[in-house]
Amino acid sequence: MRTASVGNSDLVVSRLGLGTMSWGAATTPGEALLMLKAFIDHGGNLIDTAAAYGSGEVESLIGRFLARSVNREDLVISTKSGFVLRNGVRVVDNSRTSLLQELHGSLRRLGTSWVDLWQVHAWGEEALEETLEAADEAVAQGLARHVGVSNFVGWQVAQAETWQRAAGSTPIISAQAEYSLLARRAELELLPFIINAGLGFFPWSSLGRGVLSGKYAQSIPPGSRGADSAMSWFVEQYSDEESRRIVQCAITAADGLELLPVQVGLIWVRDAPGVTAPLVGPRSVDQLMPLIAADDTELPPAITSALDDISGGPNQARSK
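If you count by this note's numbering, then the sequence shown holds residues 1 to 320, one letter each, in order.
Accuracy of the hints is not assured; some may be wrong.
[Said to hold, decoys possible] Computed beta-carbon distance windows for the label pairs:
(1) Arg244 to Gly105: 37 to 45 angstroms
(2) Arg245 to Ala140: 46 to 54 angstroms
(3) Asp286 to Arg90: 26 to 34 angstroms
(4) Pro29 to Ala140: 28 to 36 angstroms
(5) Pro29 to Ser113: 33 to 41 angstroms
(6) Ala140 to Gln248: 47 to 55 angstroms
In short, the hints are calculated from the structure, not lab data. Yeah, the Cβ is synthetic: ideal placement off N, Cα and C, and Gly gets one too.
Make a model of the complete structure from these sequences and hints.
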């Protein structure tokens, strides 16, 4: 699998990141381990998780894999802190104390003394200076090699990155946000700043929350997220007519290129300007392998342009 540097940093990751949000729930521990081993065997190294996933259970599962089945050195581990449960309600707490407590908890569950990338999971109400002090301390103590942000909009990423750069502090090297053929808002402000500042970018739900697989084109398949009462909200956003039209275009392109629709959607986002590595959340090895197989495939420029046009218009960064 090809690799890429994360922005201007020295961190190098595979051009595909393995998301873990469904592990232990929709994805059984056994299937998760099979996926992780297949991912590593094919040159993948970036695994993305968070303290909030399964209230820490996903990190614990990864920790068991690291203890028994997978070498720590084979992985670039990215985790996130900031979402906490208080009185049964999930809130954002980006205070220095809370963030560092969460990071220590993540390291304990993962069974490692450090993570490669530690990210603030979401923008909070705390003073940004205090939040970024936690980032500085984590790196200074060797708990994290690098820091980034997740789910920040363009001006929020710019404020955090500029603050750190002006202070000569630990640099923000990356950002995460939703980005796919069905969700292109990141192109308005976030991606232009990321490209200009030399940051890495990890799109989550890069396959349109699974909708770009085409499996929802006619109906909701049994066993899918859309059929799960606890997860149906996750895909309902893309059940509108415009989304169906975009998915149908991806299906048509896939048929002409002898690819799967999910591969077309992945390649489009992977090769978009500013993208470091899309994050994908397959729930089985069967879903993972076509994504890995697309590593050496590129879309013809005419197909990319047509997909741009149908999903919201030209990507202005492609011509620069």
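Hints versus structure:
1. For the pair Arg244 and Gly105, the supplied restraint of 37 to 45 angstroms holds, since their beta-carbon distance comes to about 42 angstroms.
2. In this structure the supplied range 46 to 54 angstroms holds for Arg245 paired with Ala140, their Cβ-Cβ distance being about 50 angstroms.
3. Between Asp286 and Arg90 the C-beta distance comes to about 32 angstroms, which sits within the given range of 26 to 34 angstroms.
4. At roughly 35 angstroms, the beta carbons of Pro29 and Ala140 sit within the given window of 28 to 36 angstroms.
5. Judged by the Cβ atoms, the range 33 to 41 angstroms given for Pro29 and Ser113 is violated: they are separated by roughly 24 angstroms.
6. Distance hint for Ala140 and Gln248: a CB-CB separation of about 51 angstroms, consistent with the stated range 47 to 55 angstroms.
Checked against the numbered hints given earlier, this structure breaks only hint 5.
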